[in-house]
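These protein sequence lines map, in sequence, to chains A and B. Per our numbering, the first sequence starts with residue 1, numbered consecutively. Per our numbering, the second sequence starts with residue 1001, numbered consecutively.
Hints may contain errors.
[Stated by the list, open to error] Covered stretches of chain A (chain B as the covering partner; in silico rule of three or more C-beta atoms under 8 Å from a C-beta of chain B):
(1) 36-45
(2) 240-253
[What the hints assert, rightly or not] From the derived model, a few chain B residues whose C-beta atoms are all more than 12 Å from chain A:
(3) GLY1004
(4) SER1007
(5) THR1009
(6) ASP1010
(7) PRO1011
(8) ASP1012
(9) GLU1051
(10) SER1076
(11) TRP1077
(12) ARG1138
Calculated directly from the structure, the hints in this document are not laboratory data. All C-beta atoms in this analysis are idealised placements derived from N, C-alpha and C, irrespective of residue type, glycine included.
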Amino acid sequence: MTGCEFGESPDIELYFYGELDAASRASVEAHVRHCAECARRLDDLETIRRALASRPRVDAPPAGDWSGFMSRLTFRLKAEATSASSTSASSWLPPSGGRKTSLHRAAPWLALAATLVLVTIAAVLTLRSRTIPGATQPPAATEPAQPSAAGGDPLLALSGQHLERSKLVVLGLATRDPVHTSSADWEYERQLAGSLLSDTRLYRRAAEQRGLNDVARVMGDLETVLLETSLGDHTDPESLERVQQLIRKRDLVVKMQVIGGSGI
Amino acid sequence: MNGGLRSSTDPDLVARAAAGDPSAFQALVERHRAMVYRVAYQFAGNHHDAEDIAQDVFLKVYRSLDRFRQDAQLTSWLYRIVMNACIDYRRRHAPAGWAPFTEEAETRMLNAPEDGPGPEDAAYGGELGEVLSAEVSRLPAGQRLVFTMRHHEGLKLCEIADALGLAEGTVKRQLHAAVHRLRAALTIAKVTTGGRA
Chain A
1 MTGCEFGESP
11 DIELYFYGEL
21 DAASRASVEA
31 HVRHCAECAR
41 RLDDLETIRR
51 ALASRPRVDA
61 PPAGDWSGFM
71 SRLTFRLKAE
81 ATSASSTSAS
91 SWLPPSGGRK
101 TSLHRAAPWL
111 ALAATLVLVT
121 IAAVLTLRSR
131 TIPGATQPPA
141 ATEPAQPSAA
151 GGDPLLALSG
161 QHLERSKLVV
171 LGLATRDPVH
181 TSSADWEYER
191 QLAGSLLSDT
201 RLYRRAAEQR
211 GLNDVARVMG
221 DLETVLLETS
231 LGDHTDPESL
241 ERVQQLIRKR
251 DLVVKMQVIG
261 GSGI
Chain B
1001 MNGGLRSSTD
1011 PDLVARAAAG
1021 DPSAFQALVE
1031 RHRAMVYRVA
1041 YQFAGNHHDA
1051 EDIAQDVFLK
1061 VYRSLDRFRQ
1071 DAQLTSWLYR
1081 IVMNACIDYR
1091 RRHAPAGWAP
1101 FTEEAETRML
1111 NAPEDGPGPE
1121 DAAYGGELGE
1131 VLSAEVSRLP
1141 AGQRLVFTMR
1151 HHEGLKLCEI
1161 ADALGLAEGT
1171 VKRQLHAAVH
1181 RLRAALTIAK
1191 VTTGGRA
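Chain B with its partners taken away, still in its complex shape:
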């Protein structure tokens, strides 16, 4: 990134990229790719899928440059895109009819963990952070995304709801369910490790 671009504001870069300047778009990507990749990795749990999601995000950004409001925060816009990219990615790799946030899906998700070792298995193999991190990766996609955005990225629940087009109550229930499962994993881990964890 050259010095001029490095000191440019996000809205400046967006305007220049929208006008056809590839170096401005590259500068935008370089500036925000770590955040996008971090969220994608927290959601996906592996580099392969994290890269796919992050690439999708920047493609969507590129397609939407003309629609970015100059008075908006680019990071808010990016968070919105990355959250939806995570859900889209999961949907593309899920059985037909998969829906992350419907009431029925919410109920189903409470008892439908993703594949992977459970907390008992994980507790034998590592410290508490590792155990809980593994449990986060086993959360159903909706819960995992909401937990990641609230816990790790610090977004308010109303922002998450707005970005995903959901009622705030739905997002609250997702967070509640996620925390409930993490507490259960914490309890098991403490028992399994005899309090070492």
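So here's chain A without its partners, still in its complex pose:
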């Protein structure tokens, strides 16, 4: 302690940030003129300001590309709109008199949502239909899973469909022989995994928000495996083995079957 009347009080910072009234400001100014310690505190703040100002400001996704951000946001808005139209008490609806307005607002998103789901399914099916010499084709793409016991909840129905598609990819990864898997095959699996990643993340987050903890956990495990698969730089056997270990460690195939068999 220096015996300075401001000691460790926040007044110097508050002065620096223009948060003091006129009288307090004058008091600090008078004090700083004869207190070297507080003058140094002010100098430090100015140094901090200049140093941080020299750093680049990040106000956009990498490379300034907003397209992924916007499409994911649009997807989430549509998922909400879908949910709102099928539930009688959606949490985002205004407390009173707002349902009609909100549903009205949701209508354009619903049309877009249907389109997006179709595009997503088509993209996965297209990837699956690619012929890669020597590649072992995964099991034939199935029809989208029926919502069955999903009780008509669009999120559960879509999650179920997504898990069905993803299960084929996970099974393909789990059963490949790392030593005899060509780079082309491995690259193919990585493309498939990458194509499922962002949707998995969306479903995981939607499930978390809805309190569907079991679904969220499985989606989280799936997301981890897809990330490990799609983001690796290498197509060597060790990378595939690591993914397979991860699948075994998370017991992912069984979990997906259990969740899938539970009616979603």
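Place chain B on chain A using the hints.
Just chain B now, with coordinates in the frame of chain A:
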């Protein structure tokens, strides 16, 4: 964004979006996404989490369109939402019971930095701005948010307190603690780099 929407005021866009016009909502997002992303990135320190937070913000905006007061400033409303989204995001990824602004948490936070290299490590690797930026990212979440909003975004402490539902004194203490740690990092950086920093 088409020309008509580009020249529309924020309240106009909100009204049209609330009435079900997706292009109006998209225009709102395009107009304000840079600010939202910037705050989210300053808080999170990486693109992955910044995107999650920014997406949460716009979802909350969408859910609340009906409640926006036409005489209010949209940016103030957005700042309020983005600050709370940052805290919510941190809370969802924190151990059970985590609380950013209670008195007990305040005390704990003074000595509980986030993971990451300390100022000594950072000082070896870069200039002063980099060192301090790394230290900002190590601040506990409450301090980091208050510092970001005051230092980078220029909000008054009373506005931050109001947005977060806190007493102004609490926000002042968070700022004070943040500045204290940055000054400590500055001192270490100067010593470590022999005054080069």
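Now for the hints, and whether the structure bears them out:
no., hint, in the structure
1, 36-45, "holds (count 3)"
2, 240-253, "violated (count 0)"
3, GLY1004, "holds, 17 Å"
4, SER1007, "holds, 21 Å"
5, THR1009, "holds, 19 Å"
6, ASP1010, "holds, 17 Å"
7, PRO1011, "holds, 17 Å"
8, ASP1012, "holds, 16 Å"
9, GLU1051, "violated, 6 Å"
10, SER1076, "holds, 18 Å"
11, TRP1077, "holds, 16 Å"
12, ARG1138, "holds, 14 Å"
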